[in-house]
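Protein sequences appear in the order of chains A and B.
Its first residue numbered 73, the first sequence is counted upward by one per residue in the numbering used here.
Its first residue numbered 73, the second sequence is counted upward by one per residue in the numbering used here.
Hints are supplied without guarantee of correctness; some may be wrong.
It does not matter which identical chain is used: a pair holds within one copy or between any two.
Stated by the list, open to error - Below, simulated DSS-like cross-link-like pairs (lysine-lysine); rule was C-alpha separation at most 30 Å, straight line:
1. K214 x K184
2. K144 x K298
3. K323 x K303
4. K323 x K333
5. K303 x K184
6. K144 x K303
The set of hints was computed from the structure by calculation and includes no laboratory data.
Model, not experiment: these values are computed from the prediction.
Number of protein chains: 2
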Amino acid sequence: MLVKHGMNHLTVLNSARNHKLATSLAVLRRQQFLTRVLGVRGEDRMQDPKFEADADNILRAITPVLDPTRHKGQAGKIAVIGGCREYTGAPYFAAISALKIGADLSHVFCTKDAASVIKSYSPELIVHPVLEESYSVGDRDKDHISRNVVAEVDKWMERFDCLVVGPGLGRDPFLLDCVSEIMKQARQSNVPIVVDGDGLFLVTNSLELVSGYPLAILTPNVYEYKRLVQKVLNCEVNDQDAHGQLLLLAKQIGGVTILRKGKSDLVSDGEIVKSVSIYGSPRRCGGQGDILSGSVAVFLSWARQCILADEGNLSISPTNPTILGCIAGSALLRKAASLAFENRKRSTLTTDIIECLGISLEDICPAC
Amino acid sequence: MLVKHGMNHLTVLNSARNHKLATSLAVLRRQQFLTRVLGVRGEDRMQDPKFEADADNILRAITPVLDPTRHKGQAGKIAVIGGCREYTGAPYFAAISALKIGADLSHVFCTKDAASVIKSYSPELIVHPVLEESYSVGDRDKDHISRNVVAEVDKWMERFDCLVVGPGLGRDPFLLDCVSEIMKQARQSNVPIVVDGDGLFLVTNSLELVSGYPLAILTPNVYEYKRLVQKVLNCEVNDQDAHGQLLLLAKQIGGVTILRKGKSDLVSDGEIVKSVSIYGSPRRCGGQGDILSGSVAVFLSWARQCILADEGNLSISPTNPTILGCIAGSALLRKAASLAFENRKRSTLTTDIIECLGISLEDICPAC
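Please put together the full structure from these sequences, using the hints given.
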């Protein structure tokens, strides 16, 4: 890839100056620079074929057959906890992605400021303006407002197949305290939780919220993973043993599942490690992580339904639904991103990728 | 150009009235009128081939290779300071153009009134409702609100590759005072600043904000340029020596880069002058200047990255990243406007041109 692009660069510069030696050196320097600053060699070590997941078969195995006898809600009810004064796009991307993949209902619990904007993005979402930020709450009211916020979400909790905590959540201390309580309620109700974005900021500082909860999935990017490793393992990220370090990290947090996003996505529950290296897109526009969190929530729900229906005799491996959800979500996002990039190239935006989710899934397992 | 359109006009009138003499005279009168009001003779002097920039090769040289090992943000993080009670389109156009060209993240810092509207235009933008206008601030609160506004933007400053100051900023005195402080912070952090629209009104009255800052770019239209010339050179615009006057103006403001928008765009940093005369579109719908400011911000950021990666041995000339950013932004807007006009003719709007940015860049330097 680097060499190929280097050659393009070379050709361009030749046509510009007819100066082969200098441009070859420029290409070489550019490759060395990228290798140096981006640690390409380290990342390449993660692409060990023996760890590669059989993503297409997993997607086929867990995606439910569309049956006219099924009722609204049976294909998945997802809730996103996120959306504040600053951020409205992230929770929208996560919630709408869940619907575009095939979930029946997608809720968003956000602040009043964010609610009307998120509602305006799409009439398909059910948006609850229930979260509060410090600036709108007096100190004396905090206790009862916090109780009300948690109660508002909790009365819906039993209906949800999965929560996504974090997209566009922000870092307001009062809001994060309320979200901590919501996570405790979800855990008591045995509702799976996918944690991304600012939810990872919260969890990294309060590991007890997910520690030892097998239905928790963390989806850190390169920076969030670095903070998790520093906090939990008290060391730096080691790309020479990326698999071993991820396995240890997941084990140390009591067997939660971690999806480490990167050139290859790595997934571990502290027992096994799997990678998803399907080529996606070189575009890194913000919001793709939100598509992933919404997708993982749906596939995790489907995997759990599937395991329940098959009474544990699932025909695929691995069989941990959180691992299956991560592999399926990662693979579908990569396929959709690749398709969107074919059409839009550098101008590919997150909404373009979301539009490709359906056709990408249909390509792997046709609806009928 | 004039003759071509004159001939179109002639054909139309012929078919309408079959009156050759009258229509020929009408065409002649039209040409004389346009020549008189637009100063075409003067502008034609700006199209001296020896000053014309090699825009396509500059676009190819500075546009980064798309590489899967890169992380979110490495292709550019842009912030637009603008958007008030009256104006919401301009900051949206600037911010979304940055993403459509290939930046990874695009922020907008605006007033609360503007924020929910700008958010609703697109979930792709990160919109911060932090600016305040006089009508919503009591005199006694001004000091601490001003400090809060500047602090809110400053906590993000180090993350930005470039600020765009001015699209839809308005002219509220309190808001402009806060923006002056934000510009001082950006300058202290060595963050480049592209100044357009009402930002130019601010800067023309407070030249010290940009004077002597080599990472400042001013993008005046014909009226804003006239005010700058009057303020700095204490004379009128001289189209007989457009290059010399622009060079002197940029030098007088301490070597900032000025992109003078016109039939041909002229760029100078006080050392050299370059022109971009690629044919664009005769459509003058509002908002095209906002596309330009957002585009220049991205290309300037890419040019700086490119110079850093190639350790200063850039294969193109000129090598000042602000000049390169202006040339690339001007050329791409003209190509996109031309393409949009081919399809939409008189109904071409700014959003149509934005939709053509990606394909226009792809046409010059394919993503892969």
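Going down the list of hints, with the structure as the test:
no. : hint        : result
1   : K214 x K184 : both (16 Å within a copy, 24 Å between copies)
2   : K144 x K298 : between (41 Å within a copy, 15 Å between copies)
3   : K323 x K303 : within (14 Å within a copy, 52 Å between copies)
4   : K323 x K333 : within (18 Å within a copy, 48 Å between copies)
5   : K303 x K184 : neither (33 Å within a copy, 37 Å between copies)
6   : K144 x K303 : between (42 Å within a copy, 23 Å between copies)
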